[in-house]
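*Asks:* The primary structure of each chain is shown beneath.
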Amino acid sequence: MNTRTDARGTRIHRTVTALWTRYGGILLWVVVAHAVITAVLRLIPAFDALIVVPDGAIDLPNSMRSLYCYRAP
Amino acid sequence: VISVVAVRASCADRLAEKAFLFVFILPLGATMIAVWIGQLGLHVTAALLGAAWLLVGDGSEAATTGPSRSRARDAAAAALLTIALVKPTLSLPLLVVILIVAGGWRPTVLTAALYGVVTLIAAVPQGRSPVTLAFEWLSREEIMNLPLGSVNVYLWLYWLGFEGSMIPVSLIILIGASVWAWRYRAAPSWLLIGIAALVSRLWIHHRAFDDVLLIVPAIALFQATKTGPAAMTGPAIMTAPGRRGVATVATALLIAAVYVLGHAPYAYLSGEHPGRWLFIEVARTIVWLTRRAHVARSPVPAGRGDQCIGAVTRAPSLDA
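Sequence order for the protein chains is A and B.
Heads up, the first sequence is in our numbering, so the first residue is 95 and it goes up one at a time.
Heads up, the second sequence is in our numbering, so the first residue is 3 and it goes up one at a time.
FYI, nobody ran anything at the bench for these hints, they're computed from the structure.
Worth double-checking, as some hints may not be accurate.
To be verified - Every beta carbon over 12 Å from chain A, so not counted as near; a handful from chain B, in silico:
id, residue
1, 70
2, 78
3, 161
As the list claims (entries may be wrong) - With beta-carbon atoms standing in for the labels, derived distance ranges:
id, chain 1, residue 1, chain 2, residue 2, range
4, B, 150, A, 139, 18 to 26 Å
5, A, 120, B, 138, 48 to 56 Å
6, B, 130, A, 121, 52 to 60 Å
7, A, 128, B, 187, 48 to 56 Å
8, A, 109, B, 170, 43 to 51 Å
9, B, 252, A, 131, 24 to 32 Å
10, B, 122, A, 123, 47 to 55 Å
11, B, 37, A, 117, 30 to 38 Å
12, B, 135, A, 109, 55 to 63 Å
13, A, 141, B, 114, 41 to 49 Å
Unchecked claim - In silico negatives: residues of chain B with every beta carbon more than 12 Å from chain A:
id, residue
14, 10
15, 14
16, 18
17, 23
18, 33
19, 105
20, 120
21, 130
22, 136
23, 252
24, 258
25, 265
Note that beta-carbon positions come from the ideal geometry of N, C-alpha and C, so glycine has one too.
From just these sequences and the hints, can you work out the full model?
*Replies:* Take a look at the structure:
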């Protein structure tokens with residue numbers, strides 16, 4: 095077993111665990127908020143206007159005008 | 003069903019972790035497309051996860067000992083697995099591994115019997131034998147639009163010019179995954195199920211909307227971080243404290259990588275811009291295979307007992 099590698103691994107783990115313990119909860123809640131907003135935008139048709147680039151606004155093929163949404167405008 | 007099983011089976015204990023697992027599937031590009039074009043990936047995934055939860059629970063000893071399960075539980079799981087077989091291209095390898103991990107003959111026999119009855123009921127009004135219908139279905143599979151596929155063996159064979167060997171390769175993968183799961187059936191249930199889900203996603207032609215199945219390895223990886231290094235046994239080289247720490251950090255990063263890549267706009271994943279977006283295909287492939295190799299080579303918790311109960315006491319945060 096490589097002791098130096100083992101020590102480095104332990105140090106990485108300790109650092110990440112400390113960071114996670116301190117900021118992990120906040121990070122997860124930010125991700126959850128983003129996930130909920132994204133799901134609403136992507137799954138509810140009423141929000142299409144917010145995520146589909148209007149026809150003619152930019153010269154893009156149909157498949158590219160909807161960066162966040164499947165439906166072609 | 004998908005969200006609830008994700009929370010329960012992942013051993014998440016903090017509220018933020020439970021919320022993350024609960025919403026994991028909802029914003030993914032694959033979910034959106036499956037909903038909007040009516041693909042069955044979400045239904046199949048829900049049925050498979052429901053069956054897996056009924057048969058193995060969180061992977062603890064009591065749930066995974068075949069004979070200790072009630073007949074009603076096995077029957078309900080068999081019904082769900084039969085529903086999942088509505089799309090065998092997505093469900094078959096995962097279904098086989100779930101049955102192997104679950105143990106006991108009853109779920110397997112019930113699933114086969116139910117599927118046989120349902121197939122006969124469907125075949126009789128059409129006046130053709132189930133075998134004929136199966137071959138017709140397979141011939142339909144051969145005319146699939148391979149260039150629109152996403153991260154699967156058929157697409158890679160198509161790129162390499164080996165279209166003729168697709169079905170044999172799929173069968174080899176299916177048999178190989180089954181033998182592998184049988185060989186390591188004593189390993190933690192959700193690790194085997196998670197890897198089988200990746201095999202199900204890779205073994206045959208799939209488009210990007212079938213990425214909904216990736217929730218399964220995400221559950222397995224999350225459980226791996228929660229049941230964590232304290233319970234790991236195995237070769238000394240893999241269980242040294244430093245290696246275990248790096249393995250846990252790598253596991254968490256892989257969950258994050260797959261979650262982020264799952265948000266890529268569908269146009270980038272659909273094969274409509276294969277040259278321009280090849281790097282996303284390559285990145286996703288590397289992440290998936292890394293996950294598979296990482297999970298397969300990770301040291302395993304000692305036995306299956308008390309997965310989540312142990313996780314609460316052993317790992318209040320990421321894995322501390």
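*Asks:* Non-interface claim for residue 10 of chain B: all C-beta distances to chain A beyond 12 Å?
*Replies:* 18 Å, holds
*Asks:* Classify the label on residue 70 of chain B as holds or violated, using whether its beta-carbon is more than 12 Å from each beta-carbon of chain A.
*Replies:* It holds; residue 70 of chain B is separated from chain A by about 35 Å at its closest Cβ, greater than 12 Å.
*Asks:* Does the beta carbon distance between residue 252 of chain B and residue 131 of chain A stay inside 24 to 32 Å, or does it fall outside?
*Replies:* The hint (24 to 32 Å, Cβ to Cβ) holds, given that residue 252 of chain B and residue 131 of chain A are roughly 29 Å apart.
*Asks:* Mind checking the hinted window 30 to 38 Å against the Cβ distance between residue 37 of chain B and residue 117 of chain A?
*Replies:* 33 Å, holds
*Asks:* I want to verify a distance hint. Is the separation of the beta carbons of residue 130 of chain B and residue 121 of chain A within 52 to 60 Å?
*Replies:* 56 Å, holds
*Asks:* Would the non-interface assignment of residue 161 of chain B survive a Cβ cutoff of 12 Å against chain A?
*Replies:* The claim stands: residue 161 of chain B keeps its Cβ more than 12 Å from every Cβ of chain A (closest is about 21 Å).
*Asks:* Does the hinted range 55 to 63 Å hold for residue 135 of chain B and residue 109 of chain A at CB?
*Replies:* Once the Cβ atoms are compared, 59 Å apart, the range 55 to 63 Å for residue 109 of chain A and residue 135 of chain B holds.
*Asks:* Over 12 Å from every CB of chain A: does residue 252 of chain B meet that, or does the non-interface label fail?
*Replies:* At about 10 Å from chain A, residue 252 of chain B fails to clear the 12 Å cut-off, so the statement is violated.
*Asks:* Does the no-contact call for residue 14 of chain B survive, Cβ to all of chain A over 12 Å?
*Replies:* 10 Å, violated
*Asks:* Note whether the CB distance of residue 122 of chain B and residue 123 of chain A lies within 47 to 55 Å or breaks it.
*Replies:* 51 Å, holds
*Asks:* Is the nearest CB of chain A more than 12 Å from the CB of residue 23 of chain B?
*Replies:* Non-interface label on residue 23 of chain B violated, nearest chain A Cβ at 10 Å vs cutoff 12 Å.
*Asks:* Taking 12 Å as the cut and beta carbons as the points, is residue 78 of chain B off the interface with chain A?
*Replies:* Holds, since 29 Å exceeds 12 Å.
Of the numbered hints listed earlier, those contradicted by the structure are 7, 15, 16, 17, 18, 23, 24, 25.
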